[in-house]
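Student: Next come the chains, spelled out residue by residue.
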Amino acid sequence: MKAVGLLSSGIDSPVAIYLMLRKGIEVIPIHFRQDATKEEKVQELWEVLSKYGRLHELVIVDFAEEHVPVFEKLRELKKERWTCVFCKWLMIRKACRIGHEVGARAIVTGDSLGQVASQTLDNLLIISSASDLPILRPLIGMDKEEVVSIAKKIGTFEISARKEPPCQFTPKYPIVRGSLSEFEKIREALGL
Amino acid sequence: MNVVIVRYGEIGTKSRQTRRWFENILMNNIREALVSEGIEFKKVEAKHGRILVRTNRAKEAVEVLTRVFGIVSLSPAMEVEANLEKINKTALKLFRRKKRELNLEKPKFRVTARRITKEFPLKSPELQAEVGEYILENEESEVDLHSYDIEVGVELMEGKAYIFVDKIRAWGGLPVGTQGKVVALLSGGVDSPVAAFLMMKRGVEVIPVHIYMGEKTLEKVRKIWNQLKKYHYGGKAELIVIKPKEREKILEKLREMKKENYTCVFCKFMMVKHADKLAKEFGAKGLVMGDSLGQMASQTLENMYIVSQASDLPIYRPLIGLDKEEIVGIAKRIGTFELSTLPEDEIPFIPKHPVIGGSWEEFKELYKAVFGEEPKKREC
Numbered sequence: 001m002k003a004v005g006l007l008s009s010g011i012d013s014p015v016a017i018y019l020m021l022r023k024g025i026e027v028i029p030i031h032f033r034q035d036a037t038k039e040e041k042v043q044e045l046w047e048v049l050s051k052y053g054r055l056h057e058l059v060i061v062d063f064a065e066e067h068v069p070v071f072e073k074l075r076e077l078k079k080e081r082w083t084c085v086f087c088k089w090l091m092i093r094k095a096c097r098i099g100h101e102v103g104a105r106a107i108v109t110g111d112s113l114g115q116v117a118s119q120t121l122d123n124l125l126i127i128s129s130a131s132d133l134p135i136l137r138p139l140i141g142m143d144k145e146e147v148v149s150i151a152k153k154i155g156t157f158e159i160s161a162r163k164e165p166p167c168q169f170t171p172k173y174p175i176v177r178g179s180l181s182e183f184e185k186i187r188e189a190l191g192l
Numbered sequence: 193m194n195v196v197i198v199r200y201g202e203i204g205t206k207s208r209q210t211r212r213w214f215e216n217i218l219m220n221n222i223r224e225a226l227v228s229e230g231i232e233f234k235k236v237e238a239k240h241g242r243i244l245v246r247t248n249r250a251k252e253a254v255e256v257l258t259r260v261f262g263i264v265s266l267s268p269a270m271e272v273e274a275n276l277e278k279i280n281k282t283a284l285k286l287f288r289r290k291k292r293e294l295n296l297e298k299p300k301f302r303v304t305a306r307r308i309t310k311e312f313p314l315k316s317p318e319l320q321a322e323v324g325e326y327i328l329e330n331e332e333s334e335v336d337l338h339s340y341d342i343e344v345g346v347e348l349m350e351g352k353a354y355i356f357v358d359k360i361r362a363w364g365g366l367p368v369g370t371q372g373k374v375v376a377l378l379s380g381g382v383d384s385p386v387a388a389f390l391m392m393k394r395g396v397e398v399i400p401v402h403i404y405m406g407e408k409t410l411e412k413v414r415k416i417w418n419q420l421k422k423y424h425y426g427g428k429a430e431l432i433v434i435k436p437k438e439r440e441k442i443l444e445k446l447r448e449m450k451k452e453n454y455t456c457v458f459c460k461f462m463m464v465k466h467a468d469k470l471a472k473e474f475g476a477k478g479l480v481m482g483d484s485l486g487q488m489a490s491q492t493l494e495n496m497y498i499v500s501q502a503s504d505l506p507i508y509r510p511l512i513g514l515d516k517e518e519i520v521g522i523a524k525r526i527g528t529f530e531l532s533t534l535p536e537d538e539i540p541f542i543p544k545h546p547v548i549g550g551s552w553e554e555f556k557e558l559y560k561a562v563f564g565e566e567p568k569k570r571e572c
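So the protein sequences, as listed, match chains A and B. If you count by the numbering used here, then the first sequence holds residues 1 to 192, one letter each, in order. If you count by the numbering used here, then the second sequence holds residues 193 to 572, one letter each, in order.
What you were told as hints is all true, and nothing was included just to trick you.
Quick list of the computed label-pair ranges, beta carbon to beta carbon:
#1 E76/A <-> Y404/B: 51 to 57 Å
#2 T304/B <-> A161/A: 24 to 30 Å
#3 V176/A <-> T309/B: 30 to 36 Å
#4 K185/A <-> E311/B: 52 to 58 Å
#5 K300/B <-> V176/A: 46 to 52 Å
A short list of chain B residues far from chain A (calculated; beta carbon distances all over 10 Å):
#6 N194
#7 P299
#8 K445
#9 F563
Calculated directly from the structure, the hints in this document are not laboratory data. All residues carry an ideal CB built from backbone N, CA and C; glycine is no exception.
Chain B extracted, bound-state conformation:
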């Protein structure tokens, strides 16, 4: 294999100008992915609605590129001169290899040809018949257009033929960097990395922030971010750690007022406040949190309302409609689940009975008692 065919989806539907811009970002992210993983390549180029990556390490390249967002599917392919003899021979070679790999006596197959540019003398159905015939003559097999074990693809453009027998699905989404930046709060749990991941998938560059709890948790969050970075080629951000100075003061005051039940709401409020400040410094246009509903008693809309007032930026919660199982499923697929189960620092100040339906009025009073001023709130 000497080339990888990269197919992208949603970009193809944009205006020509936007499309070129998207393609350039996608190609840049592809190059960064390959460079970061040490996979040599000769060239990455956009051609007729697909991207070609010229490399002799096509298989490894495909493995890396499935993690680049914006890509729908990938095929490691052989590029040859577009003449029938070369096409037939290459197709047969790849067919044999695939047959062996699948360990099938008499595989069913089909040939799917497409002329992207039209200079090749045979039309696509004629070429399919020719190649199919050649394979049938030389290898134990049968043609079945509908239920097949092997699909031989032939794409023709600009005097070259691209032949492949694998089409590997990627994540889809949009290229990272096409949708601006957001700040993501990373806690070390299962949820927040999945939330950050889903925003990346929609083309957003993520700036990860961790509010310090202790060394063990920090170590874990670093590992999680290193894993997430494998989906973030083209993004530049590194983990930012904030050590909150006001924590002791808040805890002490809450204890004094016997309102320890508000500790978690307060803690989250402050996290969002820190993230908000950082977002403004970085020109990020929103925050991402791993909030979901009903996993714990304190995950209520009431508490979410209070926490949301800590920022005037939109807070994105991509997990809000998902079940725990779905979230864990994604975490396992992207390789953050295992890391999220690593040990972390115990938090000594979690109250026994956190408030469930926190009230803004009450929170406001507590905030005033701690900071001497009322917290801001939006209106409608």
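Looking at chain A on its own, in the form it has when it is part of the complex:
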């Protein structure tokens, strides 16, 4: 059984992929390239994770491809607050499309609830609408502490915790509880 997995340089997504590898799922990891530091971390995370199961070659999608143009348009529309929601929505849509190409039947993400202000059921609802593939979120019921302790045990924590440049697109006040109808309006305005 195959799934695509979103892999960032953070603490959560490597743990999510590890948990699915452990269950015998074949994972095709997808990284959205932002900068060289993060990409290097992701390469190292890949090395570690590949020890735990059938992890395919890393698929790298450039941020400039779909994300950056959308972020620019959001700025024009004065809807920068929606940047993070659209960012994740675009990631899921792309992962879903890649998933269909490679015969995957699900998407694995490191989503959790309430660890940062924008991880809400409302935002997850919007983001999930980008995919017909089921989204598996093995960390959804865990506290940060539990995730960190798994990351330490499997050897990804040290890599993930290393310094990296902050995301240059993050707005000052990201939308916390996005409404689906407003999202749909903006999406139409963006021609997505």
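Based on these hints, arrange chain B on the given structure of chain A.
Tutor: Okay, now just chain B, sitting in the frame of chain A:
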């Protein structure tokens, strides 16, 4: 003991406004927990990043409050005037009690003091030395800061001292009601209650739905929900039972087409469809299922794909990355395991060979044959 000190974790890291909102929900859930369990208390108040529960039944209160999410640890404590003599005497009394409880001749101990507000004249290390000295003088014991049998805690704030010798760990998580609502499908098995529990732990209010199979199973699910409610103080939902009307029609059609192997996939699809409808009525923002992988041959990503199309809401599957052992471990700890093993109604229509890698195209045809229309599907 006349007070319980409640410590919470993740809430402390939020902005001030969010934090106050979280604290209020947590305090409300604490009150509801104590009222539901019939434990009298005088007051619940937030002070300097902790919550104080004033009650003379501190020990029983602690037992109940370990089941309130958002709480990291609890200490039944004595509140006294913050003067050295009172602190020493109280500390010694609690130390003796703990020593007897542990049945130790010469326990190793340490004193940990914290001035939450700074009006007390001695600094924390000085106070620790004073209290430690007093205990050493009066009771057979020795100080060991690193490996100790007893830790005497002293917290000072606003002219009062809080002294305790126990720190009981709770579940952590977030207070129920801080993260919105989801609908949880409860089946009577081991998995689905654990899935609902884990979502509650992350602060979600759960609306439990059971799709009716028979009286015995329903009785069992009621017991399971009553147990889960002990982790859901502050949540309002009661068990909702749905009797599916279309079941006979589906079974008959599948039999006619000799596609009984799709029975389970169809059955789950319909469950999700019912849950989806209900979620929209209640303003819930997702569904929770106890799906895990590979416990049974039919638990495949292919079948999960089909079932997922029954709702456009996100479906949360907190057990998806866990092993059976881990799931059973949690079920035992929260008291649902035993209930899940109670007898249930036999399901007469389970096929001998359920489909393993179900195909959407095939399912679509079956659905059309039963309902006369194509099922909806998302795209990407």
